[in-house]
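Q: Next come the chains, spelled out residue by residue.
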Amino acid sequence: MLVKREAEWKSSDITPENLFLGRRAFMAGAAALLLIPTDSRADNPPADQALRATPNPAYKLDDPSTPLKDVTTYNNFYEFGVNKDDPARLAHTLRPRPWTVHVDGLAHKPRTFDIDDIVKMTPLEERVYSLRCVEAWSMVIPWIGFPLATLLKRVEPMGQAKYVEFTTLVDPEQFPGQKKSVFSFSSLEWPYTEGLRLDEALHPLTLLAVGLYGRVLPNQNGAPIRVVVPWKYGFKSAKSIVRIRLTDTEPKTTWNKQAPQEYGFFSNVNPTVDHPRWSQATERRIGEFRRRKTLMFNGYADQVGSLYAGMDLKKFY
Amino acid sequence: MLRRGRLALKTATWVACLAPLAVLLWRAAAQDLSANPISFVTNWLGDWTFRLLLASLAMTPLRIAFNISWPLALRRLLGLFACFYAALHLGVWLVLDHFFDWSEMATDIAKRPYITIGMTAFVLMTPLAATSTRGAIRKMGGRNWQRLHRLAYAIGVCAALHFFWLAKKANPQPYYYAAVLALLLSVRGGDWIRRRLARVRAMAAPALH
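Taken in order, these protein sequences are the chains called S and R.
Heads up: the first sequence at position 299 corresponds to 299 in our numbering, and the numbers run straight through without jumps.
Heads up: the second sequence at position 18 corresponds to 18 in our numbering, and the numbers run straight through without jumps.
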């Protein structure tokens with residue numbers, strides 16, 4: 001599918017000059033940032049973790065962002081362990097530098113990118129998205145990144161490419177949850193793989209995130225690079241990506257292999273299609289007491305509804 | 001058993017059974033209930049319900065395996081505490097999670113097998129809790145009382161299914177609980193078969209003369 005490329009950048013969107021200064025000047029700039037009171041929900045990052053990005057006014061929400069502490073201590077990231085606090089507790093085992101991402105498959109110019117080149121590839125923007133977990137809770141997160149489409153276009157997808165597959169790092173030394181033991185009989189199959197249809201992957205909402213809350217992406221949130229697909233359940237947004245492959249067949253995805261009747265390839269947020277074992281009609285926003293109604297496509301129906309025109313979403317769940 | 005020893009044993013059991021609740025209240029006061037406190041509290045209470053249920057179901061197997069009688073003195077107390085935590089677990093679901101949204105809860109009970117079976121377990125627990133007094137045992141007669149309280153096995157199986165059906169498939173925990181339950185039930189099953197065989201042998205023995 002061809003996506004019309006428009007002039008997406010106003011001059012005001014261009015990353016401030018200080019990002020392009022030398023490291024010392026950048027550090028000084030970051031230190032100056034520490035003096036400016038910002039969102040009280042986020043602590044100021046240490047200077048070496050600060051990441052500047054221009055807020056994109058087209059992607060913000062009326063709801064307040066979930067506190068940074070909750071965003072970084074309540075995670076599903078089975079590479080670290082099955083409990084919500086495992087990722088934060090074991091995050092130090094992951095080494096997000098050096099890191100490369102292979103972007104290949106049905107591409108005219110397959111390439112291996114260094115993570116530092118990806119971060120500098122295009123101006124970084126801040127987008128506030130809501131994240132809806134399949135377990136019926138949700139958060140609001142100010143991500144930092146750029147559209148996945150920008151990266152995919154660099155490798156020039158071939159005409160036959162219909163899908164994109166994401167692969168997460170496999171390394172039991174860095175991901176303790178991948179260690180084999182007698183107790184890991186029920187564990188997921190590694191590597192964790194996820195996938196999108198190419199038109200979903202090229203949709204402007206689909207973000208490659210390298211940071212959140214004004215800082216480099218914390219390890220427990222999928223450092224150094226992850227995808228964020230806000231209209232799908234959270235597990236579709238693969239973390240700690242080492243490979244992005246263009247393909248003509250629907251990729252096998254990890255949770256779908258684990259329980260095909262529970263986790264479909266599409267896994268769009270849909271309050272009218274329940275998980276076989278629990279309702280998806282409502283969700284608990286982290287930090288709120290009462291449950292709130294879950295919105296079709298997690299509130300992004302206007303932007304993405306047309307991608308699924310004519311499809312039976314009960315069948316293609 | 002000596003009366004003093006029995007008293008010490010029961011006191012220790014009370015303290016041990018109330019400790020998880022005390023820790024939970026402590027963590028609540030310290031605002032240390034994770035980013036999703038309602039889910040945390042529900043899971044905490046559910047975990048301890050199941051653990052105490054398994055503890056109460058472990059007393060008879062302990063007697064069988066090690067030929068000691070004192071565990072039997074704790075069986076009822078542990079069972080009652082399991083019921084106490086189950087009531088709190090259910091109460092949190094009712095009040096904090098769904099905030100008295102009766103129609104939604106009714107739908108959930110009917111439609112979600114894990115909630116149906118969890119409710120079943122709780123309903124089965126109530127007659128056991130209600131007949132846990134010494135007076136009730138005397139009134140019912142030991143034999144009938146025992147027969148009724150065999151429901152505890154069914155409750156254990158319900159609890160295991162409840163956990164299996166609500167947990168995500170990659171979570172190994174339900175398997176651990178189910179394995180402990182299976183072990184406890186098999187000790188009893190083995191003992192039942194042994195006694196049956198002994199009786200058959202005892203009846204058959206005279207014919208050999």
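Among the hints, erroneous ones may be present.
What the hints assert, rightly or not - List time: in silico BS3-like cross-link candidates among lysine-lysine, alpha-carbon distance up to 30 Å:
id: 1; chain 1: R; residue 1: Lys168; chain 2: S; residue 2: Lys293
id: 2; chain 1: S; residue 1: Lys84; chain 2: R; residue 2: Lys139
id: 3; chain 1: R; residue 1: Lys139; chain 2: S; residue 2: Lys257
id: 4; chain 1: S; residue 1: Lys257; chain 2: R; residue 2: Lys169
id: 5; chain 1: S; residue 1: Lys252; chain 2: R; residue 2: Lys169
id: 6; chain 1: S; residue 1: Lys293; chain 2: S; residue 2: Lys180
id: 7; chain 1: S; residue 1: Lys315; chain 2: R; residue 2: Lys139
id: 8; chain 1: R; residue 1: Lys111; chain 2: S; residue 2: Lys84
id: 9; chain 1: S; residue 1: Lys120; chain 2: S; residue 2: Lys69
id: 10; chain 1: S; residue 1: Lys257; chain 2: S; residue 2: Lys314
id: 11; chain 1: R; residue 1: Lys168; chain 2: S; residue 2: Lys180
id: 12; chain 1: R; residue 1: Lys139; chain 2: S; residue 2: Lys293
id: 13; chain 1: S; residue 1: Lys314; chain 2: R; residue 2: Lys10
id: 14; chain 1: S; residue 1: Lys179; chain 2: R; residue 2: Lys169
id: 15; chain 1: S; residue 1: Lys293; chain 2: S; residue 2: Lys60
id: 16; chain 1: S; residue 1: Lys252; chain 2: R; residue 2: Lys168
id: 17; chain 1: S; residue 1: Lys162; chain 2: S; residue 2: Lys314
id: 18; chain 1: R; residue 1: Lys169; chain 2: S; residue 2: Lys180
id: 19; chain 1: R; residue 1: Lys10; chain 2: S; residue 2: Lys293
id: 20; chain 1: S; residue 1: Lys252; chain 2: S; residue 2: Lys153
id: 21; chain 1: S; residue 1: Lys69; chain 2: S; residue 2: Lys179
id: 22; chain 1: S; residue 1: Lys60; chain 2: S; residue 2: Lys120
id: 23; chain 1: S; residue 1: Lys153; chain 2: S; residue 2: Lys180
id: 24; chain 1: S; residue 1: Lys120; chain 2: S; residue 2: Lys162
id: 25; chain 1: S; residue 1: Lys179; chain 2: R; residue 2: Lys111
id: 26; chain 1: S; residue 1: Lys153; chain 2: S; residue 2: Lys109
id: 27; chain 1: S; residue 1: Lys314; chain 2: R; residue 2: Lys169
id: 28; chain 1: S; residue 1: Lys179; chain 2: S; residue 2: Lys252
id: 29; chain 1: R; residue 1: Lys168; chain 2: S; residue 2: Lys315
id: 30; chain 1: R; residue 1: Lys111; chain 2: R; residue 2: Lys168
id: 31; chain 1: S; residue 1: Lys314; chain 2: R; residue 2: Lys111
Hints in this document: simulated from the structure, not taken from any laboratory.
Q: Decide, hint by hint, whether the structure agrees.
A: These are the hints, each one checked on the structure:
Pair hint Lys168 (chain R) plus Lys293 (chain S) holds up; C-alpha atoms about 22 Å apart against a cutoff of 30 Å. For a cut-off of 30 Å, the pair hint linking Lys84 (chain S) to Lys139 (chain R) is broken: about 49 Å separates their Cα positions. Distance restraint check for Lys139 (chain R) and Lys257 (chain S): the Cα-Cα separation of roughly 56 Å exceeds the 30 Å cut-off, and the hinted pair is therefore not satisfied. With a C-alpha separation of about 11 Å, the suggested pair Lys257 (chain S) and Lys169 (chain R) falls inside the 30 Å cut-off, and the hint holds.
A threshold of 30 Å between alpha carbons decides the hint, and for Lys252 (chain S) with Lys169 (chain R) the separation of about 17 Å falls inside it, so the pair holds. Only pairs whose Cα atoms come within 30 Å are accepted, and Lys293 (chain S) paired with Lys180 (chain S) is rejected, the gap being roughly 40 Å. Simply put, Lys315 (chain S) and Lys139 (chain R) have alpha-carbon atoms about 58 Å apart, too far for the 30 Å limit, and the pair is violated. Using a Cα cut-off of 30 Å, the hinted pair Lys111 (chain R) and Lys84 (chain S) holds, with the two alpha carbons roughly 27 Å apart.
The suggested pairing of Lys120 (chain S) with Lys69 (chain S) holds, with an alpha-carbon distance near 27 Å, which does not exceed 30 Å. Of the pairs offered as hints, the one joining Lys257 (chain S) and Lys314 (chain S) holds, with about 19 Å between alpha carbons and a cut-off of 30 Å not exceeded. The straight-line distance between the Cα atoms of Lys168 (chain R) and Lys180 (chain S) is roughly 19 Å, inside the 30 Å bound, and the hint therefore holds. Annotation: proposed proximity of Lys139 (chain R) to Lys293 (chain S) is violated, straight-line Cα distance about 51 Å (limit 30 Å).
Distance hint between Lys314 (chain S) and Lys10 (chain R) is unfulfilled; the C-alpha atoms sit about 55 Å from each other, more than 30 Å. Simply put, Lys179 (chain S) and Lys169 (chain R) have alpha-carbon atoms about 18 Å apart, close enough for the 30 Å limit, and the pair holds. Proposed proximity of Lys293 (chain S) and Lys60 (chain S) is supported: the alpha carbons are some 19 Å apart, at most 30 Å. The hinted pair formed by Lys252 (chain S) and Lys168 (chain R) meets the criterion: a straight-line CA distance of about 19 Å does not exceed 30 Å.
The hinted pair formed by Lys162 (chain S) and Lys314 (chain S) meets the criterion: a straight-line CA distance of about 22 Å does not exceed 30 Å. In summary, the hint linking Lys169 (chain R) to Lys180 (chain S) is supported, as the alpha carbons are separated by about 17 Å, within the 30 Å threshold. The suggested pairing of Lys10 (chain R) with Lys293 (chain S) is violated, with an alpha-carbon distance near 48 Å, which exceeds 30 Å. Of the supplied pair hints, the one linking Lys252 (chain S) and Lys153 (chain S) holds, its CA atoms being roughly 23 Å apart against a limit of 30 Å.
A C-alpha spacing of about 28 Å is found between Lys69 (chain S) and Lys179 (chain S), which places the hinted pair at or below 30 Å, so the restraint holds. Among the hinted pairs, Lys60 (chain S) with Lys120 (chain S) is consistent with the structure: their alpha-carbon atoms are about 23 Å apart, no more than 30 Å. Between Lys153 (chain S) and Lys180 (chain S), the direct Cα distance comes to roughly 38 Å. Violation of the 30 Å bound is thereby established for this hinted pair. Of the pairs offered as hints, the one joining Lys120 (chain S) and Lys162 (chain S) holds, with about 28 Å between alpha carbons and a cut-off of 30 Å not exceeded.
Only pairs whose Cα atoms come within 30 Å are accepted, and Lys179 (chain S) paired with Lys111 (chain R) is rejected, the gap being roughly 37 Å. This hinted pair checks out: Lys153 (chain S) and Lys109 (chain S) have alpha carbons roughly 10 Å apart, not beyond 30 Å. Taking the CA atoms of Lys314 (chain S) and Lys169 (chain R), the gap is near 22 Å; set against the 30 Å cutoff, the hint holds. Between Lys179 (chain S) and Lys252 (chain S) the alpha-carbon distance is near 22 Å, which keeps this suggested pair within the 30 Å criterion.
The suggested pairing of Lys168 (chain R) with Lys315 (chain S) holds, with an alpha-carbon distance near 22 Å, which does not exceed 30 Å. Note on Lys111 (chain R) and Lys168 (chain R): the hinted pairing holds, with a Cα-Cα distance of about 18 Å set against a maximum of 30 Å. Of the pairs offered as hints, the one joining Lys314 (chain S) and Lys111 (chain R) holds, with about 17 Å between alpha carbons and a cut-off of 30 Å not exceeded.
Consistency note: the structure conflicts with the earlier hints numbered 2, 3, 6, 7, 12, 13, 19, 23 and 25.
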